[in-house]
Amino acid sequence: MKTFRIGGIHPENNKFAHSSKIETIPLPSQAVLYTTQHLGAPSTVVVAKGDKVKVGQLIAKGDAFISANLHSPYSGTINKIEPICDISGYKKMAIVIDVEGDEWEEDIDITPDIKREIKLTPAEIIEKIKEKGIVGLGGACFPTHVKFLIPQGKKAEYMLINAAECEPYISIDNRVMLERTEEFIIGACILRNALQLSTVHIGVEHNKSEAIEKLTQTAKNFQGVEIHTLQTKYPQGAEKQLIKSITGREIPSGKLPIDVGCIVNNVCTALAVYEAVQKNKPLISNYMSYTGKSVKTPKNYLVRLGTPIRNIIEVNGGLPEDTEKLISGGPMMGKAIANMDAFTTKGFSCLLVINNKEGKRKESINCIRCGKCVDACPMGLEPYLLAPLSEASRWEDMEKEHVMDCIECGCCQFSCPSSRPLLDHIRLGKNKTGAMIRARNTK
Amino acid sequence: MALLQVSGSPHVHTEESVKKIMWTVIIALVPTMIFSFLFFGLQAIVLTLVAVVSCVFFEWIIQKYLLKITPTITDGSAIITGILLAFNLPSNLPWWIVIIGALVAIGLGKMVYGGLGNNLFNPALVGRVFLLISFPQQMTTWPKPHHWFTQATTLSDATTGATPLGIIKSGLAQGHDVSQLMETLPSYAQMLLGERGGSLGEVAALAIIAGGIFMLIRKVISWHIPVAFIGTAFIFAAMMHWINPGLYIPPSYHILSGGLLLGAVFMATDMVTSPMSNWGKIIFGVGCGLLTIIIRVAGSYPEGVSFAILIMNAFVPLINKGFKPKRFGSQKIKA
Chain A
1 MKTFRIGGIH PENNKFAHSS KIETIPLPSQ AVLYTTQHLG APSTVVVAKG DKVKVGQLIA
61 KGDAFISANL HSPYSGTINK IEPICDISGY KKMAIVIDVE GDEWEEDIDI TPDIKREIKL
121 TPAEIIEKIK EKGIVGLGGA CFPTHVKFLI PQGKKAEYML INAAECEPYI SIDNRVMLER
181 TEEFIIGACI LRNALQLSTV HIGVEHNKSE AIEKLTQTAK NFQGVEIHTL QTKYPQGAEK
241 QLIKSITGRE IPSGKLPIDV GCIVNNVCTA LAVYEAVQKN KPLISNYMSY TGKSVKTPKN
301 YLVRLGTPIR NIIEVNGGLP EDTEKLISGG PMMGKAIANM DAFTTKGFSC LLVINNKEGK
361 RKESINCIRC GKCVDACPMG LEPYLLAPLS EASRWEDMEK EHVMDCIECG CCQFSCPSSR
421 PLLDHIRLGK NKTGAMIRAR NTK
Chain B
1 MALLQVSGSP HVHTEESVKK IMWTVIIALV PTMIFSFLFF GLQAIVLTLV AVVSCVFFEW
61 IIQKYLLKIT PTITDGSAII TGILLAFNLP SNLPWWIVII GALVAIGLGK MVYGGLGNNL
121 FNPALVGRVF LLISFPQQMT TWPKPHHWFT QATTLSDATT GATPLGIIKS GLAQGHDVSQ
181 LMETLPSYAQ MLLGERGGSL GEVAALAIIA GGIFMLIRKV ISWHIPVAFI GTAFIFAAMM
241 HWINPGLYIP PSYHILSGGL LLGAVFMATD MVTSPMSNWG KIIFGVGCGL LTIIIRVAGS
301 YPEGVSFAIL IMNAFVPLIN KGFKPKRFGS QKIKA
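Residue numbers (the working numbering), protein chains in the order written: chain A, 1 to 443; chain B, 1 to 335.
There may be inaccurate statements among the hints.
Here are the simulated lysine to aspartate or glutamate pairs, DMTMM-like style, with alpha carbons at most 25 Å apart [said to hold, decoys possible]:
| id | chain 1 | residue 1 | chain 2 | residue 2 |
| --- | --- | --- | --- | --- |
| 1 | A | 52 | A | 98 |
| 2 | B | 324 | A | 363 |
| 3 | A | 357 | B | 16 |
| 4 | B | 19 | A | 239 |
| 5 | B | 19 | A | 363 |
| 6 | B | 20 | A | 375 |
| 7 | A | 15 | B | 15 |
| 8 | A | 233 | B | 16 |
| 9 | B | 324 | A | 397 |
| 10 | B | 321 | A | 405 |
| 11 | B | 321 | A | 375 |
| 12 | B | 20 | A | 363 |
| 13 | A | 15 | B | 16 |
| 14 | B | 19 | A | 424 |
| 15 | B | 326 | A | 396 |
| 16 | B | 326 | A | 399 |
| 17 | A | 360 | B | 16 |
| 18 | B | 326 | A | 259 |
| 19 | B | 324 | A | 405 |
| 20 | B | 64 | A | 98 |
| 21 | B | 324 | A | 396 |
| 22 | B | 324 | A | 391 |
For the record, the hints were derived by calculation from the structure and aren't laboratory data.
The following block holds chain B by itself, in its conformation from the complex (with noise of 0.2 Å):
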């Protein structure tokens, strides 16, 4: 026996690791990955791989030669936002402006503040907006998807070349009432299912919903943080629709429509920037949920997901110092 080692309790240590939860995200993504596979075929299965290979590579690439310091890619943290950020965007979207988002998403989304864990601001989130500012047509011009469950009605092919959420916009816009617009939007199940115009990996909610169900049981995320944006986004999308169901569509429709599950399952839970304690995550998304439906009401843009989501990480900071835990002995003894 060689000396012994002496150092601070605890002498012991759980099995959990970065590396398993990274993985446990990883494969909680894979049941939208393969919606996003049927819905947009081949184009879809570059686009992912492009996006998951160019932010591994950035992130190796930024390490080695402009950090200096070992790589991590191993960690899985680069292709969790590789996949995130191909989920984020349209599945015809040309392969150069994929890697550019890569670029900016592992760059300026993550290496700038450190690395894994310093990030402000959720990486593949930094990467879409800045694609969708930049490259408005091409981030914004849909694809059809395939029909595998449903019949392929002339009324859903109408999607094509925008998402349900642009077709409102416009079609308020234009002067057309929400129960006219909702007649030539996909059904609820085509929603469920994922058979409408879309980013990737926000059209199969149900895919989304196992993955986030996984993720649950895995202890990775908390209930916290998609329920209080769903939730949130529910409530305040039901207000405005009982004020006027003329101007505003249904709740349920908002909540499954966009990137609002996406968003609120994968995207708001990101563990890097959202709050600590349960409060802090229920007031983030909270937050969440307010601004989405704000934006998508009362905006420019269709969709507010990605905003809300960025706009709540620039808050986490404050979040986490007004919302701490509740402290064992912070209260006074009754008398």
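The following block holds chain A by itself, in its conformation from the complex (with noise of 0.2 Å):
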């Protein structure tokens, strides 16, 4: 079983849809699409107010380096095209599309057959990511097809599919990888083949044995598939961390994934890479868990983007009454959603109920220096350290104890016996050191 060294931690696993079957979410009257569904500059919409789309129809064009396409997950009627607040309450650009009736393009294959022939050469197919507006669904929202464009001197030797879910509580990609096994594997030799390697890596790790044995199994049609088991300990999944565990390579301190020819795609991601490529269906739905430890039902979805978040609960049978958070992604790194009033968008991996049990936030006493946030740093930093520091706004100090290493995981957090808040104050430092960083390179 493979692993990284330094730090992480062994939060409650907590996976209780683990074995819900993924069910499909009622599409909703009417829909919000955001422009800035990734990571990067908002998309250009190419539609107007009165205009009738179909089911994947291109309704924005990411036209700048780092940006991704918008396709129309419903077919109806552009409504208006206006600011909208998302889950954090912030007001974004975004298309209002009057669901009517579920009218597809027809160039998209919706047959349930799966095409196991990959004809595209490599530029077609990265070109088709491209088209297809996928992006990184394991959080980030990175465009993918971004990802492919390697550096001059940089060569890509590994292609990882993330396949660990470390965060708690989260198990959609156990279901896909379950229920989709076929479709994510040649996904991910698509993904394979568009670097032109011979093998793609799959990293799962060891609580998820019914999918690792389901893999396996599958696998032994496919060519060039190795799966890896890894131990399940937080945070696997990281960029880093997964790269360390599965090549032995380690990404240098300020430095991307590529650096040591490597480039990761989630579990999602791969299988809407197989739907763009062999399907021509572009990415316009999520797969996500529903769960909690009030929630009496903890279930998989499938459901379009731009659905509200609150028809997700109400299919579900309303919040429970002690909800105290609720969380867009785990309970580790997700964030805490502001707006409920919001709708779904690319990467909405998990809607996370957290009770006020273990949402109260214990009060925070003093620092007793027993170093378990040291031991528990996966970066091998010192939060006990950079926390005061930012707290006292010395973000020079800060640049020296290395904060740009920090990946926000939140294992120093969860791990402090004094409560203290160490992660709100370093991520606050991290970016007024950043912006400190970037002013200095800019003169």
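The task is to assemble the complex, starting from two chains supplied on their own in separate frames and drawing on the hints.
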């Protein structure tokens, strides 16, 4: 069993939706598509109020270098185009669609048949990924085609699929691997072909033994698919840690995966790539878990982009009484939802209900210098030192203490017996330090 | 449902807390405490109680009336300081001296720095060393322990009034040979079980080790400091013994005698006053081991553990600066 060496923690797994089959959320009557569903520049709207659209039709174009296309997940009429609040409560440009029926673009293959033969050339694959608006669905939503633009002098030697799913609670990758096994593996092979490599490496955490077994069985029918069992340890699925675990290579401070010859993609991304390349289907829906300690029936859903978050909750029977927080993503790195009237976006992999028992922060007391944060930090940093430096606004000192290496995984704050808000301070300090460095570099 | 709470990640937290850590340490101290009660009887119970109650009382009164903050006595740290202070005292010490020790430990050792977590030195050791310097007579008169496990012999009765290390120190000064002196000292079995003169908590080696293993399992301490401390002391003492067996006692006797085990397991591992990184902890432990043996063989005091730990405590900020944890990605790519 492979793993990374430095740091890491073992939070409660709580994979309540582990064995519940993926269900489909019904279409909403009105949907909202933000034009920033990805990392990078917003896409440019290419439809106007009153236009009729079909499922899969391009509605916003990713013109900038780092941006992504957006397609309509619905058939219907464009109601309006105006800024609408997202989950954090910030107004973002959005396209509002009145949903009418479910009429798809004709060139999209909506049959359940599995297409195994990969006909496209590497360049065509990358073009298809770009055209169909695929972004990294692990959380960051980085446009996938940009990852394939390999800088001069660098060489991609490893295509890795991140199937660790190390965040507690979330179990959607597990379900996708179990229910869409073959399509997922074909997707992984397509990604491998795009780089002209012979093998694709899939890393799965040990706690998904059923998925590992099924993948291993299915992979026998394919050439160049290697399944790696990884130790169940958070943050096994953090990009740097995953690369270290599978390849043994360590990304140097401040560098990118490609600097050690690696490109990493997530499970749902691989499936989206399969659908784009083999079925001509753009990225218009999301696989997600709806779970939490107080949720009576934790489920996994397939939901179209732009669905009101309230719809998902209603389908499941309403929010539990003792809800304290709603999280988009996992409990360790997910974002607390401030606006429940927002809509799903690309990469919305989990809607997590945190109840008032586990959500209440304990009163923070003096640091007792126990060093548990130091032991837990997977980057080998010293959170006990960084947090007070941030409180004192000492950004230069934070830079010297390598705050920019911090991956904001939350291990330090999780393990602090004094309940100190370590990551709150470090995150702020990292932003300030980053701004300071950028200002210095542009001088 | 009320309003949604919003905060930065992570949204879950470990069950671990300072209180739990402190109570784990207290539980780990219990076997040693029981042995001290067995050997030194009612006196030991009274002394431990006086030390604990006065430590907690001083912490409460200083926080409430001097610092005017909410007292934090429930975190258990003052109780630990009290127990450890008692462990470092002879059982027949007058109670008023114990109270002075508690006041110094809590006041001078902890509160002047800003309370729990901010102190540079181990509070219990600050208290003990203060008493050792202020009341040398009372602090080095040791009562005779009860003999429960082994036959009380005239030889081991000879330890009454001094610790094995004290006997060696004065014996050597009178021109005796180590091998002669060893015959008058308690046997290894007696050392392990605790039937010898000494402070409350330093006599029963086995009980201390049991407490240490419990803390290791509960991850309250790591192996680095005790192993480095004891290992270094052993190797250094072995070298001295090898050079001149007439002048220096065997290394295993060094390890079992005095407060070395108590210090290595319970005092040097204090989270607040020990280094952060694993390498830092090893350096800290090595320093403690070296200084202990140097003070024992060359200093004027027969015992050096307290001084060694306090001196190394002072180096902790420096060690933390010099021995950082290994950073991910700090190596250059191999071509």
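A quick look at each hint next to the structure:
1. Proposed proximity of residue 52/A and residue 98/A is supported: the alpha carbons are some 10 Å apart, at most 25 Å.
2. A distance of roughly 29 Å separates the Cα atoms of residue 324/B and residue 363/A; the hinted pair therefore is violated under the 25 Å criterion.
3. With a C-alpha separation of about 15 Å, the suggested pairing of residue 357/A with residue 16/B holds against the 25 Å cut-off.
4. This hinted pair does not check out: residue 19/B and residue 239/A have alpha carbons roughly 35 Å apart, beyond 25 Å.
5. Among the hinted pairs, residue 19/B with residue 363/A is consistent with the structure: their alpha-carbon atoms are about 12 Å apart, no more than 25 Å.
6. Restraint check for residue 20/B and residue 375/A: satisfied, since their Cα atoms lie roughly 18 Å apart, inside the 25 Å limit.
7. With a C-alpha separation of about 18 Å, the suggested pair residue 15/A and residue 15/B falls inside the 25 Å cut-off, and the hint holds.
8. Taken as a hint, the residue 233/A and residue 16/B pair is honoured in the structure, with Cα atoms around 18 Å apart against an allowance of 25 Å.
9. With a C-alpha separation of about 15 Å, the suggested pair residue 324/B and residue 397/A falls inside the 25 Å cut-off, and the hint holds.
10. With a CA separation close to 18 Å, the supplied pair residue 321/B and residue 405/A stays within the 25 Å bound.
11. Among the hinted pairs, residue 321/B with residue 375/A is consistent with the structure: their alpha-carbon atoms are about 16 Å apart, no more than 25 Å.
12. Taking the CA atoms of residue 20/B and residue 363/A, the gap is about 15 Å. The hint holds against a cut of 25 Å.
13. Only pairs whose Cα atoms come within 25 Å are accepted, and residue 15/A paired with residue 16/B is accepted, the gap being roughly 21 Å.
14. Distance check on the hinted pair: residue 19/B and residue 424/A sit about 23 Å apart at the alpha-carbon level, within 25 Å; holds.
15. As the CA atoms of residue 326/B and residue 396/A are separated by approximately 21 Å, the hinted pair is consistent with the 25 Å bound.
16. Under the criterion of a C-alpha separation no larger than 25 Å, the hint pairing residue 326/B with residue 399/A is consistent with the structure, at around 17 Å.
17. Between residue 360/A and residue 16/B, the direct Cα distance comes to roughly 15 Å. Compliance with the 25 Å bound is thereby established for this hinted pair.
18. A C-alpha spacing of about 21 Å is found between residue 326/B and residue 259/A, which places the hinted pair at or below 25 Å, so the restraint holds.
19. Restraint check: the Cα-Cα separation between residue 324/B and residue 405/A comes to about 15 Å, which is no more than 25 Å; the hinted pair holds.
20. Distance restraint check for residue 64/B and residue 98/A: the Cα-Cα separation of roughly 65 Å exceeds the 25 Å cut-off, and the hinted pair is therefore not satisfied.
21. The straight-line distance between the Cα atoms of residue 324/B and residue 396/A is roughly 18 Å, inside the 25 Å bound, and the hint therefore holds.
22. With a C-alpha separation of about 21 Å, the suggested pairing of residue 324/B with residue 391/A holds against the 25 Å cut-off.
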